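**Q** Listed below are the residues making up each chain.
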Amino acid sequence: MKEITRAAIAILLISGILLYVVNVLEKSSTTSGGGTISVYNWGEYIDPELIDQFEKETNISVVYETFDSNESMMTKIEQGGTTYDVAMPSEYAIEKMKNNDLLHPIDHSLVPNLTNIDPYFLDLPFDPGNEYSIPYFWGTVGIAFNPTLLEGQTFESWDDLWNPSLEQEVILVDSAREIIGLGLNSLGYSLNSTNVDELREATDKLKTMGPNVKAIIGDEIVELMRREEAAVAVTWSGQAADMMWINEDIDYSVPKEGSNLWFDNMIIPKTAGNIEGAHAFINFMLDPEVAAQNADYVGYSTPNEKAVTLMDPEVTEDERFYPPVELRERLEVYENLGLEMLGTYNELFLEFKMDMDN
Amino acid sequence: MAKLSKLAKIYLALVFAILYAPIFYLIFYSFNSGGTMSSFEGFTLEHYGAVFNDTRLLIILMNTVIIALLSSLFSTAIGVLGAIGIVFLRNRQTRNAVLSLNTILIVSPDVIIGASFLILFTMIGIKLGFASVLISHIAFSIPIVVIMVLPKLQEMSTSLIDAATDLGASKRDILTRVIIPYIKPGIFAGFFLALTYSLDDFAVTFFVTGNGFSTLSIEIYSMARAGITLTINALSALIFVVTLGLVLGYYFFTQRTGQSPGTRGAKL
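Listed in order, the protein sequences are those of chains A and H.
Numbered per the UniProt record's numbering, the first sequence spans residues 1 to 358.
Numbered per the UniProt record's numbering, the second sequence spans residues 1 to 268.
It cannot be assumed that every hint is accurate.
To be verified - For lysine-lysine, the following PhoX-like pairs were computed, each having C-alpha atoms within a straight-line distance of at most 20 Å: (1) A:K207 x A:K353; (2) H:K127 x A:K270; (3) A:K2 x H:K171.
Said to hold, decoys possible - Reference listing, derived: stretches of chain H covered by chain A, where coverage requires no fewer than 3 residues with Cβ under 8 Å from a Cβ of chain A: (4) 53–67; (5) 120–134.
I should point out that these hints are in silico values taken from the structure, not numbers from a laboratory.
What you are looking at is a predicted structure, and each value in this text was computed from that prediction instead of being measured.
We put the CB at the ideal spot given by N, CA and C, even for glycine.
Could you put the whole structure together from the sequences, leaning on the hints where they help?
**A** What follows is the structure, given as structure tokens:
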């Protein structure tokens, strides 16, 4: 009994000391006076130095948390229990949250730095007039490939993925709209097609890619490409940038038929507690120098026009990640097709995946 | 016990090699100056420096440890009392029913438990954060402690208690001087199992964290989206070394006190 009591006291003591240390650390890393805001962002999607800088400049302390998918983020915001003041969902999630009445309108007079954003990225179909969302990062869907493993083949067109020489070389990202979308694009149809015949045609065409498909997976793609265990991957530009950061042989191309243009935007949830602080944070992230530093750190493309001029031209002149206007015109933003249509996309994608198993 | 045959030894070595290989692989690359796990370029300690410079990560690490220690302490206390209560239930049917209820909690999926806690907490208005995580960790650890303590209680002969009563022991004396010393190995085993459950729980914690409070499993999961950085390797290596130290410490502790009757045959 004595031993157990001693052990219990020791555990309580250790926990007490640790709690004290955590308190001291939290105090030293935050400043008091301007209140607190909670920021809910994707993992590894901000330069941590910028949070410190924001805290010093505004005296608002930041509670920073991360999520891994739009869906889990939406659930947490919808369920309540925690109040987040700023979050960074993707465009289709913003539309969904808007429809579910989860968003707080953004007061444009509190975000004067909005003028730094390239008008091309404003007033998009998922949020007309940027009433609820402010651009954070953007990118494309395309083909990452390793020329050293491919004897110089290039990927100007989606059809190149069907090249018989690529047997068991192509990895596809496990996401219905991206893959059905590439099928639609390769046939010259819109990514937002709701025409069942077109969708059927796209799926049938995808099935003929079967012998070339090595795997249909998620974030593991980056690691496989880095290690040169795969030569070609259909993926997002940000993932491609991650691969290229490590393996310089890898190249990325957005096929000429067109592709998807995606956005992650900053929003203020309806449940936010510190609306003023949230606006201050959004405005801070739109500052050209801040945005440039952040884009440098994260590796995705910034929609901030002024920031682009501050960045290393070698990066911003890279047409693979900052496509010129004429290429952008061929890119499409996903529209919210409604639950039923999304179900059709998922079903067709499942059918395609099941066909792969045979 | 008969000595292991050569084949059995080789088999055992192979199993351990497979189990430990990923951990050593990960630790090996935590010293890599190259920045990725694809090729080893040179020895460096910079990733360990990065762990100690990242205040946020350190806070999360300490939160994880605090939650693990406190939740396993409380759940052990509650679980031990629960197990004693179950053993002394007179009615066989009630006893079996309570035991089954306990087992259901162990086998039900973490996701379900996590989602239920989230709904409960938001319904009764508890703010998500330290308290909600602690409460749910205590809750899912209790059944485990009960299961660990029960066999020791069942193997204890009732004549021990009868003898104590005959010698004039009060109920309190019986509990603190007879029962608890006898089941001590089970209590420690339950505590350590609860500790490991709490340390690596993802599913339940995922639902009930909030307000800037996060544990390591949640943090590493979101970080991994952008590829595992070697900082995580360094952190994992540190945790592995500390765990190893604790287990060795426990081993020596039980070896030293192994002579006393209460801990004879202590198993973990």
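**Q** Indicate, hint by hint, whether the structure satisfies it.
**A** Hints versus structure:
Annotation: proposed proximity of A:K207 to A:K353 holds, straight-line Cα distance about 9 Å (limit 20 Å). A threshold of 20 Å between alpha carbons decides the hint, and for H:K127 with A:K270 the separation of about 17 Å falls inside it, so the pair holds. A threshold of 20 Å between alpha carbons decides the hint, and for A:K2 with H:K171 the separation of about 18 Å falls inside it, so the pair holds. Only when three residues or more bring their CB closer than 8 Å to a CB of chain A does the claim for the segment 53–67 of chain H stand; here the count is 9, and the claim holds.
Against chain A, the segment 120–134 of chain H contributes 7 residues with a C-beta closer than 8 Å to a partner C-beta. That satisfies the three-residue criterion, and the hint holds.
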